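*Asks:* Listed in order, the protein sequences are those of chains A and B. The first sequence lines up with residues 1 to 418 when you count with the working numbering. The second sequence lines up with residues 1 to 207 when you count with the working numbering.
Calculated from the structure, these hints are not laboratory results. Keep in mind that the hints are not guaranteed to be accurate.
Here are the simulated lysine to any residue pairs, SDA-like style, with alpha carbons at most 20 Å apart [as the list claims (entries may be wrong)]: (1) B/95 to A/122; (2) B/102 to A/89; (3) B/35 to A/337.
If you want the ones that stay clear, here's a sample from chain B, every Cβ over 10 Å from chain A, calculated [said to hold, decoys possible]: (4) 140; (5) 164; (6) 190.
Interface residues of chain B toward chain A, partial, derived using beta-carbon atoms under 10 Å [as the list claims (entries may be wrong)]: (7) 84; (8) 85; (9) 87; (10) 91; (11) 105; (12) 198.
Predicted, not measured: the structure shown is a model, and the values here were computed from it. All residues carry an ideal CB built from backbone N, CA and C; glycine is no exception.
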Amino acid sequence: MIHLPPSAIGGLLALVALASAPGIARAQADIFSRDTVSGVVDLRLGVADGEPSWTQGGFGKTRFGSDGDGVAGRFKAQADLVWKPRFTWDLGAVVDLQAQPDQTHGVDLGEAYLRYKPVPHGDTRFTARLGLFYPEISLEHSGGAWIPQDTITPSAINSWVGEELKVVGLEGRVVHAFAGQELSATGAVFYYGDTAGSLLAFRGWSFSDLKSSANGHFDLPPLSAFMQPMQPQFTTPVHEIDGRVGWYAQLGWRRHGLSIDLTRYDNGGDRIGADANNEWAWDTRLWNLSATWTIDPDTTLRGQVMSGQSFMGYSTPQIWIDDSFAAGYLLLTRKFGADALSARVDGFQITDNSWQAIDPNRERGWALTAAWRHGLGEHADLLVETLHVWSDNDARPRTGFGARQSQTVVQTALRLKF
Amino acid sequence: MRLLAFILMLLSFGSQALAADLAVTVRDARGAPVKDAVVMLYPASGTPPVRVAGPYRMAQHNIQFDPFVLVVPVGATVSFPNLDNVRHHVYSFSKPHPFELKLYGHDETRTIVFDKPGVIALGCNIHDQMIGFVRVVDTPFAVKTDANGLAVLRGAPGGKASVKVWHPYLKGPGNEIAMPAAVPGSGTGALTISVDLRPPPDHAHGY
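With the rest of the complex left out, here is chain A (with noise of 0.2 Å):
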């Protein structure tokens, strides 16, 4: 079995891209022009009460935190460079590179694929894409920059999507248009899905807008005495372990004003495969139920649930992680011209099925999230976002906090695009 490390990938594209300049006829190919090239720097100036952030090897569910004691400001930057050459008028490609420093990779591949998308001649259409890419379970980000469009911090459900699920893979969707409506399937075949469900069991849920990078790793917060031996002391979240693959499949229905997307992703990993550092081959499933309304043309609600399981390690006799997951949330996004005003409620809980006295997972929540998007011509938006999260976690105290704790994070983003 070979597998393609993401790493690889953008070197591949690239040298597609540079191979084919010459190769397919000129009147084709669009790989360098200004209209293959887009990026957005998004700059970020955030206060927060509360425990550390996890970023910061705390238990904090948002990207700002404090020291438990008092507000901290933050400023941070960051930026995506995406490229989308055409090689022919069916077939391109997507890449992203990301810079998020607060992360162990700070500049990295975001998302690098090829896509092919022929245009329709009837009322069936077909679209493929290979490479690395993230499942399209998000009713939140949207763009070769995969960035929340009304918020700055999408809801626990897409934050995770942003953390753990992004695959390599091979994915088709067929769309069939008929009577002001359209059904879609989807169906992906995928690796380097391998560790996800690590940062729900070990951390729990978050509201963080940062992205998986190809080739990075997300520390944990402090492990438990009994799992400290079987896993280090982070994750990997694109890694393939098993060489066992996963896959995901989605069926779509949308008419005008209404859409409904039902996704269900299993990444078929094998529980007691393990890497050479101790990261394990999770076994993850999960079904996820989205919605958007679009009351009129300037008021739509969105909405997700998602409910799954994840597996990891031997049976001593208990499966050292055996926890149940869900969360969900509603979106109301309302624009008046240039402006946009957001107001969300998630919540989101993890139950622990397994070695709850020496191991406890266990975690329930909730947030609420109001946001003011504000429209500074073609190039610039600010926004503006206050997050208050409240949360009850088992493995909380571990750092000393207790295990119900609320916090508050202010967040301003100017994003500049070109």
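Fit chain B to the given chain A structure using the hints.
*Replies:* For chain B alone, coordinates are given in the frame of chain A:
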């Protein structure tokens, strides 16, 4: 001979006196004016043949189709100039006239002749957000509504007629409704039509 000329003159005056304008205002369920609705009139006495004049143009400008809705008579030649610097891959799979145009930037133009009446829904395979429509009509009395929801059909023969209103998001079979109308013998008649619109479609997210 003079008498014959006189009679012909009378007849022509008479027929002019029997032609009139019909001002049709289209409003939505909330009473707001509906822009880009195509109002078509079919006189009961028979629909005269269409007149192809032109030029007819569906541009691509700022990654949008411009205009959003273009009304053309059957047999019209429509040009598709690309006014953007980027390329567009314009297509339609609508039954009256499926086609595909590969348009490089820098003002490249191609033309299509639409020889059957109907609705041509346009898309761009590169820019999914681009949506446009060509309404090919088989009556000389067809005008789309302006920002005030107003369409004035000029020089229609007086008497009974059928009026059809089409809009891409109108609720109804074929996104169209039809109703009887009366065109006055002279002057300008007025008609207000109320329609139900759906929100614009939410296309499957693509890449």
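*Asks:* So, against the hints stated earlier in the document, which numbers end up violated here?
*Replies:* none
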